[in-house]
Amino acid sequence: MTPVRTRIAPSPTGLDLHIGNAYTALINYVVAKKHKGQFIIRIEDTDRTRLIEGSEQRIVESLTWLGIPHDEGPDIGGPYAPYRQSERLGMYKKYAEKLVENGHAYYCFCSSDRLEAMRKKQEEGHQPPMYDGLCKRIPHEEAIKRIRAGEKYVMRLNVPDTGTTTFHDLIRGDISFENKLIDDQVILKSDGYPTYHLGVVVDDHEMKISHVIRGEEWISSTPKHILLYQFFGWDVPVYAHLSVLRNPDKSKLSKRKNPVWVGEYRKRGFLKDAMLNYLALMAWSHPSGKELFSVKEMMEVFDLSQIQTTAPVFDQEKLRWMNGEYLRKIQNSEFRIQIYEFFKRKYPIEMIEKVLPLLTERMKTLAEFESLAGFFFERPKEYERPLKVTPLKVGIEALTESEWNHDAMEKAIRDASDKEGVQAKDVFMELRVAITGKTVGPPLLESLEILGKTETLERISNW
RNA sequence: GGCGCGUUCGUCUAGAGGCCUAGGACGGUUGGUUCUCAACCAACAAAUCACCGGUUCGAAUCCGGUACGCGCUACCA
Numbered sequence: 001m002t003p004v005r006t007r008i009a010p011s012p013t014g015l016d017l018h019i020g021n022a023y024t025a026l027i028n029y030v031v032a033k034k035h036k037g038q039f040i041i042r043i044e045d046t047d048r049t050r051l052i053e054g055s056e057q058r059i060v061e062s063l064t065w066l067g068i069p070h071d072e073g074p075d076i077g078g079p080y081a082p083y084r085q086s087e088r089l090g091m092y093k094k095y096a097e098k099l100v101e102n103g104h105a106y107y108c109f110c111s112s113d114r115l116e117a118m119r120k121k122q123e124e125g126h127q128p129p130m131y132d133g134l135c136k137r138i139p140h141e142e143a144i145k146r147i148r149a150g151e152k153y154v155m156r157l158n159v160p161d162t163g164t165t166t167f168h169d170l171i172r173g174d175i176s177f178e179n180k181l182i183d184d185q186v187i188l189k190s191d192g193y194p195t196y197h198l199g200v201v202v203d204d205h206e207m208k209i210s211h212v213i214r215g216e217e218w219i220s221s222t223p224k225h226i227l228l229y230q231f232f233g234w235d236v237p238v239y240a241h242l243s244v245l246r247n248p249d250k251s252k253l254s255k256r257k258n259p260v261w262v263g264e265y266r267k268r269g270f271l272k273d274a275m276l277n278y279l280a281l282m283a284w285s286h287p288s289g290k291e292l293f294s295v296k297e298m299m300e301v302f303d304l305s306q307i308q309t310t311a312p313v314f315d316q317e318k319l320r321w322m323n324g325e326y327l328r329k330i331q332n333s334e335f336r337i338q339i340y341e342f343f344k345r346k347y348p349i350e351m352i353e354k355v356l357p358l359l360t361e362r363m364k365t366l367a368e369f370e371s372l373a374g375f376f377f378e379r380p381k382e383y384e385r386p387l388k389v390t391p392l393k394v395g396i397e398a399l400t401e402s403e404w405n406h407d408a409m410e411k412a413i414r415d416a417s418d419k420e421g422v423q424a425k426d427v428f429m430e431l432r433v434a435i436t437g438k439t440v441g442p443p444l445l446e447s448l449e450i451l452g453k454t455e456t457l458e459r460i461s462n463w
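Numbering (the numbering used here), first residue to last: 1 to 463.
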């Protein structure tokens, strides 16, 4: 059996790893590792106009943060290096020329103006916008002459105009396209870079990729890739097109409507295990029906053919719930380090340690620590609402007299409330607002134990 | 417009002809617990399985059509 090798092929054209890419990466990784194979990162940086500085590093970094390690890639190399398409240019040109030799590709000298005019005309005539094949009729010798003379050119795929091209998709079954509707796609651009189509096919073959698992937006261009494999005489890999993640309005997940960068979620205090678990639930479910599971558990039972074909909506709300579940699962010792690092060591770790037990079941993200526990570190600058002085006075008096432990304080407050004829819960609430500035937060008495009598009384002494 | 892919509670999904008066999870509502908020427990609401037709003794499940959504239609990926 041929070894299983999968890959993700991101373009460094975004600020970070897109959540959709993270999803694709997860599935690719799981498939590879389930079969003891390799997972590879290949950077498809052939669009020089859209490159973003630092994008590649952040993509790799985010993947590492998520805990999806790669066996080969631009940063660590591997047996099929380089893993950056911009460093493999010679190869594409060589292969494209081979295609020309066999009549499966041709040189094209059309200007973008002509192409534009052509498309406009086609559109007006309700014709599908496709290259009209003008340069296909240029004799080979003449084309060579023009190139030698320094004329700019691209190479186009010579798609047969009869027949159909079919491929099998592991998730969706057989999919066919009529050749006459497939465009003579540019495969090598005038700047010498390949387009995606040539790039993927050549590299996937060269890198011995066994399974091409990518987003469904590629279904329409897959027949071009199949044709390329056929023209080169290469074996076609296994295809599986994953559903794309969507915004709540069902459009393709986009930064306009959702945070889409992995780093963004990290910054908001999401845990990588929760992210991975949630992503795993997109278009797939654990056979046992459980919702909370690790990547390792997923690997044991995962089967590509069980993936749903419907494009799922990425639901922030459920992710938050799941993150809360994971937060409560992690050990306190690790939790406090996470908080410590998350807030860039802004809060002393000893204090975090003391306070954390009161907060674990109240937090859904690491970031929420601040709004929930900020008062431990800083006196309130403002109050969420005006205070009711009567019950507050009762509370202050009770606390002033009380010994500083939970039971004593509780008894003091309840006794004083009874005596003064006010509701104990009102007293608790006014004390809470006066001391923390907020109406919601961790249990009051436990918090006061940590805060200490001196600090507490100082906060309320002005009333 | 053309081509392609899809369509089960608001959302993620279970479901592979009888086990489905369609199950679970998130979210929602109500109640319990409680010093607030959570957490926890209990309960409830929520899908005429997009629609129409066909196959079958029987269809969410198979077939056909329609509608709707999404994707692609670049010297972007």
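Since the hints were derived computationally from the structure, they do not count as laboratory data. These figures come from a predicted structure and were not determined experimentally. Beta carbons are placed, not taken as given, at the ideal position from N, Cα and C, and that holds for glycine. There may be inaccurate statements among the hints.
In the PhoX-like style, the derived pairs of lysine-lysine whose C-alpha atoms are separated by at most 20 angstroms in a straight line are [stated by the list, open to error]:
1) K267 to K257
2) K388 to K419
3) K180 to K94
4) K411 to K453
5) K98 to K36
6) K136 to K189
Simulated restraints on C-beta separations [unchecked claim]:
7) D303 to E97: 37 to 43 angstroms
8) W218 to R148: 50 to 56 angstroms
9) P69 to S254: 25 to 31 angstroms
10) G103 to R148: 53 to 59 angstroms
11) P248 to H140: 52 to 58 angstroms
12) I76 to P443: 46 to 52 angstroms
13) K98 to K252: 31 to 37 angstroms
14) D303 to P248: 53 to 59 angstroms
15) S251 to K98: 39 to 45 angstroms
16) S254 to R172: 19 to 25 angstroms
17) R268 to F232: 41 to 47 angstroms
18) S254 to D303: 52 to 58 angstroms
field: List of violated hint numbers, smallest to largest
entry: 3, 5, 8, 10, 14, 18
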